[in-house]
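Listed below are the residues making up each chain.
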Amino acid sequence: GCSAGGETGDDASGDSITIGTTDKVTTLDPAGSYDNGSLAVQTQVFPYLLNTDYQSTDVVPDLAESAEFTSPTEYTVKLPAGLKWANGNELTSSDVKFSFDRNIAIADPNGASSLLYNLDSVEAPDDTTVVFHLKAENDQVFPLILTSFPGAIVDDEVFAADELTPDADIVEANAFAGPYVITSYDFNNLVSFKANPDYKGLLPAAKTETVNLKYYAESSNLKLDVQEGNIDVAYRSLSATDIEDLKGNDNVNVVEGPGGEIRYIVFNFDTQPYGAKTPEADPAKALAVRQAVADLIDRQELSDQVYKGTYTPLYSYVPAGLAGAIEPLQELYGDGNGGPDADKAADRLAAAGVTTPVELNLQYSNDHYGPSSADEYALIKDQLESTGLFTVNLQTTEWVQYSEDRTADVYPAYQLGWFPDYSDADNYITPFFLIENFLSNHYVNQEVNDLIIEQASTLDPAARTALIEEIQQKVAADLSTVPYLQGAQVAVTGNDVTGADDTLDASFKFRYAALAKG
Amino acid sequence: MTSTTTPAAGAPPRSTRSTKTPGGGLGRYILVRALLIIPTIFILVTLVFVLMRTTGDPITAKLGGQVTADELQERIHAAGYDRPVIVQYLEYLGGIFTGNFGTTLNNRPVTEVLLTYGTATLELVFYSLIVAFLIGIPFGLVAAYFRDKGQDAVLRVFAILCYATPVFFAGLLLKLVFAVWLKVLPVAGRASTGAQIQMELLPNETGLYTIDAIMTGSPAVLGDVLAHAVLPSIALGLLTAGVFLRLVRTNVIGTLSTDYVDAARSRGVSEFRLVRKHAYRPALIPIITVIGLQIALLLGGAVLTETTFEWNGLGFQLSEYLQARDFVAVQGIVALLAVIVALTNFVVDIIAALIDPRVRY
Amino acid sequence: MSTVVDIKGLGISFSTDAGAVKAVDGVSLSVERGEVLAIVGESGSGKTVTAKAILGLLPETATASGAVILSNKAGTSTHDVVSIPKRELRGLRGTDVAMIFQEPSTALNPVYTVGWQIIEGLRAHTDISKKDARAKAIEILGRVGIPDPESRIDHYPHQFSGGQKQRVVIAMALVLDPGLIVADEPTTALDVTVQAEILDLLRRCRDEFGMGIVLITHNMGVVADLADRVAVMYQGKVVEEADAETLFASPQAEYTKALLAAVPYVGTGTASAVARVEARSADWLEQPPVVEASGLEIVYPGRFGRPGFRAVDGVDFVIRPGEVLGLVGESGSGKTTIGRAIAGLTKVSGGSLRVLDHEMNGIRERQFRPARSRLGFVFQDPASSFNPLLTIAECVAEPLIIDRRAENAAGARQRVDELLEAVQLPRAYGDRYPHELSGGQRQRASLARALALEPELLIADEPTSALDVSVQARVLELFAELQREFGFACLFISHDLAVVDILADRIAVMYRGQLVEEGTGAEVLGAPSDPYTQRLLASLPVPDPVAQAERREELRRLREAG
Amino acid sequence: MTTDTAARPPKRLLRDRLPVVHQLRQSVGLQRGMLVTGLVLTALFVFIAIFAPLIAPYGFAQLRDLEGPFGSQQPPSSAHPFGTTVGGYDVLSRTIWGAQTAILVIVVAVLLSIFAGVFLGLVSGYFGGWLDRVLVVICDAIYAFPSLLLAIVMAIVISGGQSSLWGGVLAAAISITVVFIPQYFRVIRAETVRIKAEAFVESARVLGASNGRIMFRHVLRNATRTLPLIFTLNSSEAILTLAGLGFLGFGIEPTAGAEWGYDLNKALSDVSSGIWWTALYPGLAIVLVVLGITLVGESLNDLADPRLRGRRRVAQSAGVVAETSVVPGGTLTAGPGGLAGLEDGESFDEHGIEVRR
Ligand SMILES: Nc1ncnc2c1ncn2[C@@H]1O[C@H](COP(=O)(O)OP(=O)(O)OP(=O)(O)O)[C@@H](O)[C@H]1O
Ligand SMILES: Nc1ncnc2c1ncn2[C@@H]1O[C@H](COP(=O)(O)OP(=O)(O)OP(=O)(O)O)[C@@H](O)[C@H]1O
Ligand SMILES: [Mg+2]
Ligand SMILES: [Mg+2]
Ligand code: NI
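Chains as they are written, first to last, in our numbering: chain A, 63 to 580; chain B, 5 to 365; chain C, 157 to 718; chain D, 18 to 374.
Read the hints as simulated data drawn from the structure, not as lab findings.
Hints may be right or wrong, so weigh each one.
Said to hold, decoys possible - In the BS3-like style, the derived pairs of lysine-lysine whose C-alpha atoms are separated by at most 27 Å in a straight line are:
1) C:K287 to B:K281
2) B:K281 to C:K208
3) A:K262 to A:K159
4) A:K339 to A:K536
5) A:K262 to A:K579
6) C:K178 to C:K503
7) A:K309 to B:K153
8) C:K286 to D:K213
9) A:K309 to A:K146
10) B:K187 to A:K579
11) A:K370 to A:K86
12) B:K153 to C:K242
13) B:K281 to C:K242
14) A:K159 to A:K146
15) A:K197 to A:K159
16) C:K292 to B:K281
17) C:K393 to C:K208
18) A:K309 to A:K140
19) B:K153 to C:K208
20) A:K262 to A:K146
21) A:K159 to A:K140
22) A:K536 to A:K86
23) C:K287 to C:K242
24) A:K309 to A:K370
25) B:K281 to C:K393
26) C:K229 to C:K178
In isolation and in its complexed conformation, chain A is listed as follows (with noise of 0.2 Å):
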């Protein structure tokens, strides 16, 4: 309860607890949503069929009893007999050939079905076996697909074949199978969710029988909730002022976990100064820019200064906490100890040739990536300018024009964050730096792209990771992109609240089933 006045409030009992979120819900459907305010709902309710246990990053069976590669483009999962959903309809292979069959028809322009690109048919041959029909062989990423998004098993008896199914209809119908169910539904303003005691997968049964879901507008709002007692859980996301205020409170535990989320500088290789496509266009000059902005570039000052440590300095493509990450730009760039060096930066100018101060057209989205962007690129402005071996010029777009305008080459250097899609290094590689990929940069390196084509279908995991990290030594050499910060989950709850550190993990799912009051 959030009334100060108290009387009906704070019915907060051992068995409720209340979670208080700015993340806000796209549809309950999975098939209809690609984003984390949709999937942190949906990972309460629905089944999937593998899953990560809390605190690794291994990924195992959840509803499935086995999962395996049964020929390089069969990947055949097992369930165990006598599943059911909440209402009480059948749990079957019917249902998961169903999933997957409808969020490939519906291809939703707001769903995720794009990341089963290498799905090619799903087949049921009996009720506890699936075989997934692969275009790829021996698709390591496959798997861990079914983690995410796309891998929520929904009740083909409620759920539509060819259209999205609205939301009051799957509560209504009680269309669910993972830890909780939801009980009400007052969309993006209240959830209340119940555990459901038919669960049967991964986790252990949740730890409290309700769960309240409360949504908000401002984050200051939910501070001032969570920090009045108002609310039990304060999870995603507080500003830094505000997370840094309640580590000296001493009602509340701020909890930090790996944050999956990464801020990077992109060069298009075209237009940036030097690029291909300028008149003074020089390859060699153009690197010497991106490592000089690469050497001059204090990640610990912008994570202390604007983050007040609730992002870390990054540097490497793959953040810490998943296997694979190296720290390949420490060594490389900079005073070699993770801080900056003009000196180095000017010397690498010169010795290129390049005249300072180098003119760099900075581009960043005020609205996108959270409220400290302006703060963050105005520090990273006056980093580069304050040895004057650059002038920027910053400049800041509106979300929309600026997606279209990245990828129309508009602009030579700008700002980008990631929220992986599954949590694996792969997803903060393959998209990255292909020769066709998703920065549409001009950044060619054949070899690269053969090695990332490679890891993707190695079976042996220390083969892969090695060829993992000499993917990012060689990106880091080239400077496609310059990461420099990595996000932390943070939640805060209060006194009276565990768990938060067991499910704050590489998953970067919040799972409520762990959470426990009292």
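Following the hints, complete the assembly by docking chains B, C and D with the ligands onto the known chain A.
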């Protein structure tokens, strides 16, 4: 031999020559006024439609940072946002004519959105109007009564301060004082979780929390709901109260210098009664007219208030939908706002006609 | 007889933007019970201010000196209004002295019923019960001649006609039975026929209720009709005080003499009209008329598709070259509408109207524009017919520039100066702004502008109605002179028969959109055939107490007969 | 006061014709107090805006000086009398520089909307007909749209890629312009319709003047009487709209210009963490400037309205009797209007200007 310069003043009773029937006139007037709403809505929706298309599409807004440019194009194509605007426009109009206002991006019928959030805004506007009346009108009368004296100056500066303080700033200060320091009122939201769940369980929720709270039969729930309404209504209400105060003052002073007030004075009517009875009621007419306009402004001010106080209403939703480029939702909400404003103006005209016996159609 | 009010050495000053202004200076007057004291004088001479001072109704910016001793009706107590505290003043108002305002429509609160307003006054002074108060209100409404007072008491002011509203205002003044009534131009806003009725009512107030009345007016006819004694004010001072017959018979003060001389009488124009007719050439009747209307109809469109309002309904008349047609009629009868139609400002909706060889029914502005230089228009209100941001010279130069007879205002200056002198304004006045001229001067400048292009036709819409009698007399004189000189044809609109009579060759009488009578001044004013014209003539008070007493009798006979 | 809008006390001196100076001289007592307060606040605002580069200790986007970075959210100290913001800017400097942005936005927005609104209102009111009807319906429709949201839409439409000071200022100003045009349109149209019916316009028509000549020579100048008042009211509204835009994240990029609404937005979460200095000063700046401008506007309104204007009391029997016969050999009157003859102007409230937010 001065003549009156206004032809109407000395004109003979005209009813003999013009053939108006009072009853039919009013009905006709209402009809015409009602019909006038249609072009207004049509123009607004068209305007919004065109504007929104120039601001980009919802897919990019949502997935621009997550998928490749090619795939983005594919999705946009699949959703039909790359077709010519005129085609999309005709399609939308066609939908409206068949009574289909479309669904939002997250698959909710626009009508449902309007209902859920419209009620919230309605409640907020209603409460803040009460605050505005309670503060604006009495203080306006007092200011007029003490015109150009100290009391008047203080009240006028107060009115301007009400208007000059940005809602979000005022809201923040109110929250800090009453919710964080004094802890007598809730920080934000329309009700506490407990109360909200109790209301959620009602078989026929109205969405108007005050009414829902009454229906739960629990005084605690009602108290909780009312407590939550206090700060937002004050924050938004003060803004309007400032306008009302100024308006009441000006109009009352204006009417106090009319002949009929002088005439009443010459009959020995007391000064207090002159303000209360003679000046106040005629002065109310322009004020009521302005209320019609204030509704649009209140709805606008509501955006900031709703954000500041987590009041999940239309204004707040509208700004969210705007940022998500949810054309359909934005158009629906705008059309509703237009209807509300038009209806208010319409009702206001009728109320004004009731107060002012001269206005009869 | 006892004195109900005794004003001694009253002086009143106002603070204005232009500094202190003294409005009333050492005025001493007194009124006895059952006596009507008329205060006359030119506009701005302090009449209204004096009247308001009697009730202590002066605005906060005013400062008063001297004394206004007010007695109650019984004569048992006296108070000095100037020095009495505000609180007690309220007790006097309504019971000792009541006021009747000039504009009945603005003196009634539009949002309350007349009954409410009468009862409010009653209950402000006595402990009368609501029921009794209502009964008394109904009674008083009946006595001032409101028909069916039982139901009319619950009507709102706008549901009454102008004359009835003034009766209601008088009823409010009478209901508390005060000793003195102050009536500030009580009939100025009314038509002459209605005016006669209200004057009758006021006479009854004096005779039946025994009240003293202070009557403020600048209509000498009204004074002659009602007043027992007359005070003449000039520049804040009383320059002459005498009983009515003496004053009219042998005015003493210079100003009074000038004032009386300026008052127009019906019948003075006949001789000059005859002289003009004789001067005309023989083929005059054959010349094509400048304006010719037949079956002219003008309808103002109704709003929201409601039926339109027929302001002019089947009117026929002609104006020949060099002829002055006077158009009279009560307010709202359609006079202005006709004038505007001739000037192409209002659309003709039926019948035919030919102006300077153009058929106005269905004409376009573009087709008519060439004819505009042959037409002049003098507006009713000289103040508002000048663009306040242009100098007089620029305003007068406008027609010359538009007609391309001059490049700009400077180039037209020579001609403008001539014109200004033609209307007897010193040329230096050309450099003033309109608001820096007096009403009469503005009216003359307006004439100069209308005559700039030497038009064949002039339309003058009540050109003197906003002016003081004395000023009016001068403007009319000038007008007649210019007409002789320039020889234009003219439609002269007025509601004042006496004014029309001075100038017009022929007179047309309008009544509710129709032309009821037309003929030479001698015909229409000497032997009116239409009952409305007869009533109009009889209602017109003549500025001569003796003659007026006879006419009053005549009017009574006429009313009883009709 | 319908008959004699023009009449003023004769022979006004130049100093009496200058808009604000005249009113200042005219005012008395508390009214003068309010006007003076407003003028002082406004003047201070303009002064600070113009001399911001000289007054402000640091640049608006300055994060460090010779002694190193300022640090974020530092409490007030001698180096930073108002403290520093979450982004590490000096609050005092940004508050001072903010005046410059605010004044730019006001000037651009109000100028643009005056020109567009006045022109449209004039044409629409003068010609009437279907164009008028369509424009009125459109403006009413825009009116029905919450102004802040309209500004947001416009900001999105306009700000494609623009975030430099001028880009930002223009985006904000144009958004505000779109919101204001209907207001000017309404006022000017109402005035035009009223003036069109005035005798002097009719007399120009009788003289055969062309539409253009009537519109610009006779109507326009008379219709703009109320503009100074709307100007002040809209200026304060522009500041609030700009602040609202900044608050919702559509403002001006902080390294391109200092903007109070933006800073306030950034400071909101500070306040709930006990950091008061980042919100207080920009908030106070907004409130004071709006207060100042509104005081000026309201005072001007009161002074223009004879019913609301206060006057000094005079000593008993002061002054001279009004000279009524001013003209040699001329008339006997000073004008028929009585009180109306002495007062200029009408109440603005009679012509449908609302104070809006
Ligand atoms: N409230 C006021 N403030 C300043 N001057 C005023 C005020 N009322 C009247 N005056 C001035 O006092 C003088 C006398 O005015 P008053 O109204 O008594 O004239 P009047 O004789 O009634 O004229 P009219 O025939 O036009 O009604 C005029 O010069 C007028 O302008
Ligand atoms: N624009 C208009 N729309 C509708 N009715 C009008 C309009 N102008 C005048 N009228 C009506 O037409 C009738 C005739 O008006 P007009 O102005 O011609 O009267 P008038 O004889 O000049 O009166 P007055 O002596 O008062 O000037 C009146 O009843 C008036 O109310
Ligand atoms: Mg008078
Ligand atoms: Mg007329
Ligand atoms: Ni609560």
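Here is what the structure says about each hint:
1. C:K287 to B:K281: 20 Å, holds
2. B:K281 to C:K208: 23 Å, holds
3. A:K262 to A:K159: 19 Å, holds
4. A:K339 to A:K536: 24 Å, holds
5. A:K262 to A:K579: 23 Å, holds
6. C:K178 to C:K503: Distance ~48 Å between K178 (chain C) and K503 (chain C) Cα, so the pair is violated.
7. A:K309 to B:K153: 53 Å, violated
8. C:K286 to D:K213: Violated: K286 (chain C) and K213 (chain D) sit about 50 Å apart, past 27 Å.
9. A:K309 to A:K146: With a Cα-Cα distance of about 43 Å, the restraint between K309 (chain A) and K146 (chain A) is violated, given a limit of 27 Å.
10. B:K187 to A:K579: 24 Å, holds
11. A:K370 to A:K86: Holds, because 25 Å separates the two Cα atoms, which is no more than 27 Å.
12. B:K153 to C:K242: 18 Å, holds
13. B:K281 to C:K242: 20 Å, holds
14. A:K159 to A:K146: Cα-Cα ~16 Å, so holds.
15. A:K197 to A:K159: Since the Cα atoms of K197 (chain A) and K159 (chain A) sit roughly 17 Å apart, the hinted pair holds (cutoff 27 Å).
16. C:K292 to B:K281: It holds: about 22 Å lies between the C-alpha atoms, which stays within 27 Å.
17. C:K393 to C:K208: Roughly 16 Å between the alpha carbons, so the hint for K393 (chain C) and K208 (chain C) holds.
18. A:K309 to A:K140: 46 Å, violated
19. B:K153 to C:K208: 25 Å, holds
20. A:K262 to A:K146: 9 Å, holds
21. A:K159 to A:K140: Status holds; Cα separation ~13 Å.
22. A:K536 to A:K86: Not satisfied, since the Cα-Cα distance of roughly 38 Å exceeds 27 Å.
23. C:K287 to C:K242: 30 Å, violated
24. A:K309 to A:K370: Between K309 (chain A) and K370 (chain A) the Cα gap is close to 11 Å, so the pair holds against 27 Å.
25. B:K281 to C:K393: With a Cα-Cα distance of about 38 Å, the restraint between K281 (chain B) and K393 (chain C) is violated, given a limit of 27 Å.
26. C:K229 to C:K178: Measuring from Cα to Cα gives roughly 32 Å; hence the hint is violated.
Hints 6, 7, 8, 9, 18, 22, 23, 25 and 26 from the earlier list are contradicted by this structure; the remaining hints agree with it.
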